[in-house]
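**Student:** Listed here are the chains, written in short residue letters.
There are 6 protein chains.
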Amino acid sequence: MSNKDFFVHPQGICESVTVGKGTKVWAFAHVLPGAVLGEECNICDNVFIENKVTIGNRVTIKCGVQVWDGVVLEDDVFVGPNATFTNDLFPRSKVHLGEYPQTRICSGASIGANATILPGITIGRNAMVGAGAVVTRSVPPNAVVVGNPARITGYADAGEKQKAATLFDLKKDEKPSVINTEVTGVTVHRLPLVTDLRGSLSVGEIGQHIPFDVQRYFLVFDVPSAETRGEHAHRECHQFLICVAGKVAVVADDGKHRQEVILDKPNLGIHLPPMTWGIQYKYSTDAVLLVLASHHYSSADYIRNYDEFLQLIKQQGT
Amino acid sequence: MSNKDFFVHPQGICESVTVGKGTKVWAFAHVLPGAVLGEECNICDNVFIENKVTIGNRVTIKCGVQVWDGVVLEDDVFVGPNATFTNDLFPRSKVHLGEYPQTRICSGASIGANATILPGITIGRNAMVGAGAVVTRSVPPNAVVVGNPARITGYADAGEKQKAATLFDLKKDEKPSVINTEVTGVTVHRLPLVTDLRGSLSVGEIGQHIPFDVQRYFLVFDVPSAETRGEHAHRECHQFLICVAGKVAVVADDGKHRQEVILDKPNLGIHLPPMTWGIQYKYSTDAVLLVLASHHYSSADYIRNYDEFLQLIKQQGT
Amino acid sequence: MSNKDFFVHPQGICESVTVGKGTKVWAFAHVLPGAVLGEECNICDNVFIENKVTIGNRVTIKCGVQVWDGVVLEDDVFVGPNATFTNDLFPRSKVHLGEYPQTRICSGASIGANATILPGITIGRNAMVGAGAVVTRSVPPNAVVVGNPARITGYADAGEKQKAATLFDLKKDEKPSVINTEVTGVTVHRLPLVTDLRGSLSVGEIGQHIPFDVQRYFLVFDVPSAETRGEHAHRECHQFLICVAGKVAVVADDGKHRQEVILDKPNLGIHLPPMTWGIQYKYSTDAVLLVLASHHYSSADYIRNYDEFLQLIKQQGT
Amino acid sequence: MSNKDFFVHPQGICESVTVGKGTKVWAFAHVLPGAVLGEECNICDNVFIENKVTIGNRVTIKCGVQVWDGVVLEDDVFVGPNATFTNDLFPRSKVHLGEYPQTRICSGASIGANATILPGITIGRNAMVGAGAVVTRSVPPNAVVVGNPARITGYADAGEKQKAATLFDLKKDEKPSVINTEVTGVTVHRLPLVTDLRGSLSVGEIGQHIPFDVQRYFLVFDVPSAETRGEHAHRECHQFLICVAGKVAVVADDGKHRQEVILDKPNLGIHLPPMTWGIQYKYSTDAVLLVLASHHYSSADYIRNYDEFLQLIKQQGT
Amino acid sequence: MSNKDFFVHPQGICESVTVGKGTKVWAFAHVLPGAVLGEECNICDNVFIENKVTIGNRVTIKCGVQVWDGVVLEDDVFVGPNATFTNDLFPRSKVHLGEYPQTRICSGASIGANATILPGITIGRNAMVGAGAVVTRSVPPNAVVVGNPARITGYADAGEKQKAATLFDLKKDEKPSVINTEVTGVTVHRLPLVTDLRGSLSVGEIGQHIPFDVQRYFLVFDVPSAETRGEHAHRECHQFLICVAGKVAVVADDGKHRQEVILDKPNLGIHLPPMTWGIQYKYSTDAVLLVLASHHYSSADYIRNYDEFLQLIKQQGT
Amino acid sequence: MSNKDFFVHPQGICESVTVGKGTKVWAFAHVLPGAVLGEECNICDNVFIENKVTIGNRVTIKCGVQVWDGVVLEDDVFVGPNATFTNDLFPRSKVHLGEYPQTRICSGASIGANATILPGITIGRNAMVGAGAVVTRSVPPNAVVVGNPARITGYADAGEKQKAATLFDLKKDEKPSVINTEVTGVTVHRLPLVTDLRGSLSVGEIGQHIPFDVQRYFLVFDVPSAETRGEHAHRECHQFLICVAGKVAVVADDGKHRQEVILDKPNLGIHLPPMTWGIQYKYSTDAVLLVLASHHYSSADYIRNYDEFLQLIKQQGT
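Residue numbers (numbering that gives the first Met the number 0), protein chains in the order written: chain S, 0 to 317; chain P, 0 to 317; chain B, 0 to 317; chain F, 0 to 317; chain R, 0 to 317; chain L, 0 to 317.
For the record, the hints were derived by calculation from the structure and aren't laboratory data. Hints may be right or wrong, so weigh each one.
All copies of an identical chain are treated as equivalent in the list; a pair is satisfied when it fits inside any one copy or across any two copies.
Stated by the list, open to error - Mimicking BS3-like on lysine-lysine, the simulated pairs with C-alpha atoms at most 27 Å apart in a straight line are:
1) Lys20 with Lys3
2) Lys23 with Lys246
3) Lys255 with Lys3
4) Lys23 with Lys3
5) Lys281 with Lys313
6) Lys23 with Lys51
7) Lys281 with Lys246
8) Lys93 with Lys255
9) Lys255 with Lys281
10) Lys246 with Lys264
11) Lys255 with Lys313
Being a predicted model, the structure only gives us computed values, none of them experimental.
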């Protein structure tokens with residue numbers, strides 16, 4: 000063990016030799032021969048790592064975790080103590096699957112202490128699984144999930160040390176106006192409202208209140224409250240979102256800043272210009288979201304992969 | 000009484016002489032001297048008519064009705080038996096108002112048997128007050144009202160013998176499509192709908208599904224269920240109405256035909272071209288109506304008087 | 000007027016001569032020549048009777064009432080003051096129907112003061128229309144209706160001077176048992192109930208709790224609360240009714256006594272033996288009524304006409 | 000008819016001679032011999048008055064009304080056109096009651112046009128029955144009732160020409176404080192309120208916030224929304240009312256001024272000192288009213304008759 | 000260690016010698032001397048097994064699990080990684096129970112990863128505890144449970160590799176008819192339904208629609224939605240189940256096939272013949288289940304143990 | 000290792016020397032050099048203890064637990080198997096906090112098996128965290144919490160071996176009366192109730208039904224159902240609690256006995272005399288709690304620390 004670039008505690012067992020420089024394997028931990036580990040990883044006491052496992056660089060695995068065949072941990076992943084992976088949805092003793100479903104934890108994601116991850120799931124880049132959560136389906140990039148079963152409750156910020164996205168705070172007495180957010184080009188709009196005995200009326204004049212010509216509208220409704228929609232950016236299309244009934248949260252993200260806006264009035268809108276990553280979630284059961292768009296539908300205008308979005312943003316030098 | 004052009008039953012009393020040709024006053028009826036009656040009226044038994052009263056031509060007043068100071072009955076009005084007018088909102092014995100509020104029953108309207116009409120109200124042209132109704136506020140043209148207090152339940156048709164407006168009947172299995180109504184230029188639109196586990200989405204492409212460029216939208220909501228909105232036509236502006244939450248009834252009227260459409264789905268719209276009289280009523284408490292318009296707001300574009308609308312239609316020779 | 004068998008007040012007008020013995024026509028009343036009146040009628044002040052009208056014997060018409068062409072009043076009918084009949088559902092001045100819809104008030108029925116009766120309606124034998132009611136559809140025999148629009152609120156008793164059916168009063172602490180009502184052969188049953196942590200269970204052993212062999216069951220549900228069901232008797236079939244959800248009122252009638260029972264618990268039943276007239280009404284919106292029957296379905300077993308039922312009861316000497 | 004102090008139209012019939020000075024009986028009206036009429040009354044066309052009827056001074060009876068045996072109209076009563084009285088709750092033709100239930104319309108009350116009054120009812124002093132109302136039970140002094148069945152919607156003011164009681168208007172941003180009303184000694188109290196994440200807390204210190212020692216409290220709940228409670232004054236007892244759940248309207252009346260306060264928050268109270276006439280109504284279905292009282296229960300402390308209350312107020316010289 | 004039939008990793012500790020042939024104890028695992036282990040077991044890294052423990056044959060215990068005094072694992076049990084057993088409901092440091100409550104995991108059952116099992120519980124044969132579940136009460140045979148606290152969400156199939164029971168799929172346009180299921184003798188019945196303006200009516204003729212004479216009925220209601228009922232078979236009694244309000248799921252099981260039927264209409268029934276294992280669960284809060292039975296109640300007719308049921312089925316040669 | 004007062008298993012690693020007498024460190028456990036452990040502790044297999052950790056006397060730590068920097072376990076704490084602590088609310092790999100939030104488990108508390116404790120939380124004296132619970136905020140003394148997220152479901156008894164507080168059981172047919180509980184001086188009161196057609200009324204005469212002069216009242220409302228209120232004792236003030244709407248649970252504690260009472264009727268009260276520790280929780284969403292108090296508000300009268308309360312009780316020699 001003397002000429003290896005990585006450290007194994009005298010009471011740890013590391014049967015693999017494909018282990019990166021600076022990685023440490025601590026007491027009572029056990030790495031099987033087929034496992035591949037990156038550099039600068041920290042494998043704590045009582046961790047067990049099977050053979051068909053790939054682990055990136057700078058990964059931390061706290062005590063009491065097992066990494067089973069079929070699990071991939073990308074770079075910079077954090078796995079909290081006693082967090083538990085699985086690789087069989089309906090396990091029975093002595094019944095083995097021919098091939099195990101792959102579970103992928105993407106770069107920078109964290110798995111909270113004592114969380115449970117069901118098999119075949121992808122945890123997106125920078126996502127945060129809360130302590131004790133039981134994750135039963137894939138988690139989008141940056142999302143924060145908690146509970147049993149786990150549900151999205153927020154989106155992590157884009158800063159160095161990840162925090163929950165800041166919530167846009169609309170002052171109560173704001174007049175009809177356009178208000179800047181922290182996200183490039185994204186504005187929140189208080190639209191005119193007239194209320195009398197016959198009811199209420201909110202209006203938007205194209206060109207005056209809505210900052211682009213409208214070529215298309217769509218309505219989103221009947222969304223189960225646990226669902227997330229959007230999760231994409233547009234290359235050229237502007238969008239203007241108004242929640243005309245119920246309530247919905249919109250996360251806008253320019254690759255650097257991320258901010259969450261609650262839409263809960265028919266005279267409150269948000270403008271998402273092109274090259275803005277948008278997410279809608281926390282739909283109330285009666286929510287109806289009206290979207291006005293500057294272009295006719297074109298599938299080529301959609302960017303559906305967050306990594307691709309980040310790269311395009313970088314190319315644009317913004 | 001011999002040389003008069005009108006008839007008074009031997010046991011009737013007619014103290015007025017300004018009574019039109021062919022009018023009949025029957026037994027136990029009593030017309031005070033100041034009343035003015037038109038031609039071909041029928042004043043039945045036990046009717047009482049005060050002095051400051053003006054009655055048009057071809058008016059029928061059935062038994063047991065009193066017409067008090069301040070009441071005007073235009074041409075072709077029908078007043079059912081025991082229907083009761085009033086001219087003091089808060090009557091006390093021996094307390095008299097200096098001036099009585101005017102109650103006007105417009106041309107062609109009918110007051111049902113035993114109905115009660117509160118003071119200061121206008122019953123619009125061709126409106127129909129149901130038997131036993133207690134009318135506490137003005138009734139728009141063509142509206143049918145019933146109950147205590149009276150509420151609008153429908154709109155009379157534009158035909159000779161007035162009937163309720165026909166209800167537009169949308170077949171259940173209709174595909175996305177444009178469907179003609181009986182009203183000139185008015186079309187009902189089934190818009191595309193996509194439903195999956197994440198919820199539903201309805202879309203309208205401008206120019207393809209929406210037959211005009213959109214310069215303005217407005218949202219109507221929080222309308223008390225007893226209220227009626229709209230009740231006007233536009234000179235140049237097109238409108239496209241979608242009820243994105245709840246339910247609302249839209250009456251479209253081209254001056255000749257009138258038809259009622261129930262909007263109750265986010266993918267169901269109605270196009271009201273210029274010179275269409277439109278009414279919205281029967282709002283469910285959660286209704287949100289989205290209106291897309293072809294022009295920016297202009298008060299000069301509105302026609303708010305139904306008689307003026309009818310005249311303009313006639314001038315246009317349509 | 001001296002040799003007539005009927006009386007006309009000096010200031011009344013009776014143009015008809017087909018008037019029965021003992022009938023009286025009072026001041027300011029007016030009977031047109033074609034009307035047919037029975038014996039011992041009382042036509043009060045300010046009543047107006049048209050030509051195509053038939054009135055039975057012992058009919059009372061209080062002041063301020065008009066009886067229009069098409070109205071039939073059978074024997075022993077009472078019409079309260081200012082009660083108002085109609086004969087055109089959609090009246091317009093100078094527009095006359097070729098034939099008027101017939102309105103029939105059956106023997107022994109009463110129309111309350113200032114009530115309004117829409118055209119084409121039948122008010123059943125011994126029914127009672129409450130003061131101020133606006134009757135928009137036909138009323139079954141013995142029913143009591145009130146309100147605008149009028150709804151059934153009870154059933155008149157079978158005694159000489161008609162009163163509302165007595166309500167069966169179930170003591171709160173009644174043990175599982177069979178309890179007699181005032182109606183021949185009709186019993187109310189408290190059935191066993193077992194409740195534990197897992198919920199509640201009610202049981203009925205055939206032969207022990209249910210007093211006949213069950214050949215048929217049916218379930219009645221989704222009944223609008225304003226509706227009445229049943230309204231018939233069986234010749235041979237026994238029925239046992241349990242309201243397993245919600246609440247319903249059952250009226251049982253043996254031709255002499257009539258009693259109303261509220262069913263509102265899954266362990267409360269009522270046994271209706273053959274030759275019992277049964278009615279169910281006042282359904283709560285969530286009501287589900289379970290009926291156990293002693294015979295298979297046979298349309299010949301149903302007696303649907305109350306007069307026929309009364310006659311059969313009389314023939315049986317019961 | 001020449002030497003009488005009252006006027007009868009040539010085509011009216013007045014068989015009674017106990018008619019007061021200045022009273023007028025108009026055409027087609029008919030007064031039976033036993034009726035007793037006061038001075039300065041106005042009996043309009045087509046009115047019919049039976050024998051066992053007593054009518055006070057300055058009473059107005061508009062056209063088409065009948066006043067039946069058993070009806071008493073006190074001084075200054077107004078009866079609108081076609082308003083209809085009754086004297087048999089369950090009328091059947093040729094069935095006569097031995098004695099008719101008395102219907103009493105107290106001094107200064109008004110019966111709206113075409114209203115229906117069921118038998119045996121008292122309409123309290125200065126009360127106002129709305130046009131078209133169907134009154135099925137007694138109406139308290141000063142109350143305004145409308146609808147079918149009639150329900151209290153407000154209280155008439157104590158001024159000359161009766162208007163609805165003014166509604167006490169609580170400013171939104173009022174601090175914890177004591178606010179005077181227009182009614183002598185009656186104060187509205189905003190009580191301290193503390194709200195934090197754990198919920199809300201409202202507090203009232205006796206002697207500090209509650210201006211008397213508390214000897215008794217009671218809770219009023221499960222009140223059907225159509226009910227009125229209170230309707231009495233106390234001789235010595237103070238009361239402090241707080242609606243701790245739901246909503247209730249309280250009318251306070253010192254005999255000169257009358258004001259209505261909406262209680263709808265657990266930290267909003269009203270102090271009713273002795274010799275204040277108090278009424279509670281418009282209960283929401285979930286309303287729970289807490290009353291703190293300064294004395295133990297004593298039936299002698301209650302004044303339940305409004306006339307007696309007015310007299311006591313006068314004696315006290317207040 | 001050389002002459003043992005079982006394997007212990009050099010860094011594992013096995014102090015017991017009552018270990019079956021072929022069993023393997025891996026690194027950092029620790030088996031105390033009193034434990035009894037069967038053949039072909041797999042005891043993974045970091046597992047800890049106390050003294051008063053009995054483990055059957057072919058049992059798999061994944062990493063990070065402890066098996067405490069009082070826990071019994073029958074043959075073929077699977078225990079997922081970090082799954083946690085307990086043996087004291089209210090543990091305090093240094094306070095020891097005289098005797099530990101027994102926790103029994105029956106043959107073939109699986110405990111999901113990171114699940115928590117409270118003390119004194121039995122997990123039935125072939126049951127499946129989901130990953131992350133917190134099991135607070137016993138789980139019936141074949142049931143699938145998930146969540147915190149764990150609730151039944153389905154039933155495992157009877158096949159080799161256990162899957163969820165197939166859901167019976169009722170076609171929408173099925174006519175009144177009898178439809179076979181995959182379970183021997185069990186039929187689903189669409190019963191006649193008549194719907195008109197007065198409501199709906201469903202009927203079942205005994206002998207025609209209900210395939211046995213009815214000697215008993217019972218109603219099940221007020222069941223908390225998390226509860227399971229039934230869980231037994233009858234030796235001779237037929238049952239016919241109809242959910243007359245709300246919704247309930249019925250699982251029928253003949254020992255070979257298992258199928259779940261959703262009852263959600265008053266005209267939808269299921270016939271469970273004798274020797275059918277029946278379960279009802281997923282009650283809606285308003286569910287009322289009507290059961291018709293062919294026999295009077297007899298406790299001897301019930302088979303309440305699933306193993307006994309399976310044996311009886313085998314004896315009958317079916 | 001021979002001359003140490005504590006035991007370390009040959010395959011355990013204990014790098015710390017500040018370990019109390021009688022403490023045992025078992026196989027595969029690992030204690031880092033900076034950790035401080037008290038006497039008579041039990042550190043089971045596979046436990047890992049970091050450096051900045053302080054552990055009291057008689058603490059039990061079951062298998063699979065890690066105790067991280069920043070965690071303090073006071074005397075007599077029990078930590079169940081696989082229970083998981085945390086010290087970073089938003090962990091990312093290779094990102095370390097300058098200082099870790101302190102997590103404190105107070106004397107006598109127990110952490111159930113597989114529970115998860117979020118960072119920075121205090122678990123109060125004698126509290127009980129249920130197996131599998133995910134604790135997201137601090138837990139008061141004696142409270143029992145379960146679920147994900149964890150909520151209070153009861154309070155541990157004051158006896159030696161801690162059990163849930165006994166629930167006070169109110170008989171259904173109890174007459175208006177005062178009933179003793181097991182807690183010194185605490186009484187439950189059934190108050191008079193009068194119900195008639197106008198609703199229900201409950202009354203309490205001060206001095207008769209309420210056993211002290213009332214100097215203050217307060218109302219508690221809008222409490223989220225997961226919240227706990229109260230959690231203090233008074234030195235001199237009496238309190239009388241009535242839940243006038245909805246439902247609430249009250250725990251009364253005299254330092255020796257603890258009992259829970261459900262208040263759910265407006266005529267049901269509980270008297271808490273001075274030196275009684277009181278807690279209210281399990282509020283229904285519509286609950287309104289009325290509290291009558293014997294003294295004006297004085298912050299000096301409150302004892303808010305349970306340890307202080309216990310000491311004062313002891314000093315008083317009660």
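**Student:** Next, verify each hint and record whether it holds.
**Tutor:** Verification of the supplied hints:
no.	hint	in the structure
1	Lys20 with Lys3	within (8 Å within a copy, 39 Å between copies)
2	Lys23 with Lys246	neither (48 Å within a copy, 56 Å between copies)
3	Lys255 with Lys3	neither (40 Å within a copy, 57 Å between copies)
4	Lys23 with Lys3	within (11 Å within a copy, 31 Å between copies)
5	Lys281 with Lys313	neither (30 Å within a copy, 51 Å between copies)
6	Lys23 with Lys51	both (19 Å within a copy, 21 Å between copies)
7	Lys281 with Lys246	both (8 Å within a copy, 24 Å between copies)
8	Lys93 with Lys255	between (49 Å within a copy, 21 Å between copies)
9	Lys255 with Lys281	within (23 Å within a copy, 43 Å between copies)
10	Lys246 with Lys264	both (8 Å within a copy, 19 Å between copies)
11	Lys255 with Lys313	within (10 Å within a copy, 59 Å between copies)
When held up to the earlier numbered hints, the structure conflicts with 2, 3, 5 and fits the remainder.
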